[in-house]
Amino acid sequence: METPEIRITNSDRQRLGTMLDRAYAAAIEPRDQLHRLEMELEHALGVEEGDVPPYVVTMDSTVEIIDLESGDPETYTLVYPEQADITRNQISVVAPVGRAILGRSVGDVVAVVTPSGEWWIKIAAVRYQPERAKLQHA
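Going by my numbering, the sequence shown runs without a break in its numbering and finishes at 1153.
Hints are computed from structural coordinates only; laboratory data are not their basis.
For every residue, glycine included, the Cβ atom is placed at its ideal position computed from N, Cα and C.
You may find that some hints are simply not true.
[Claimed, not checked] With a straight-line cut-off of 25 angstroms between C-alpha atoms, the simulated SDA-like cross-links for lysine to any residue are:
1. 1149 to 1092
2. 1137 to 1037
3. 1137 to 1066
4. 1149 to 1097
5. 1149 to 1079
6. 1149 to 1130
7. 1149 to 1083
8. 1149 to 1126
9. 1149 to 1087
10. 1137 to 1075
11. 1149 to 1051
12. 1149 to 1103
13. 1149 to 1085
[What the hints assert, rightly or not] Label-pair restraints from in silico Cβ distances:
14. 1149 to 1051: 17 to 23 angstroms
15. 1098 to 1040: 16 to 22 angstroms
16. 1066 to 1131: 18 to 24 angstroms
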């Protein structure tokens, strides 16, 4: 299956780069998880906040995904590691699901790579995107 294009806002790329530098220095997260996120960022297309389409998953977006095996929908907000709280459906960008959805678009089917294998999901909807909210309130 072809890997969908990843779009990252320039401000998200900068904040994520800073977060990665700090995490590497502090050895907070497993290095392989950090490295995978770093590779995603290197291959992502950078866009300005005002130019990101409303159907793209950015940091702090609330996203509905569908598990392709079970058909079950799940909703998550993509956050930085220090904000992650699975009881509130806030998932870290460093976690496999977070990494898989960052920069992806509604309709994309992506693999979530976990230690136990691949899990295929579809991005069903972006329920909230901070860049769109800023434009609507401007």
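- Hints broken by the structure, by number, lowest first? Structure breaks hints 2, 6, 7, 8, 9, 11, 13, 14 and 16.
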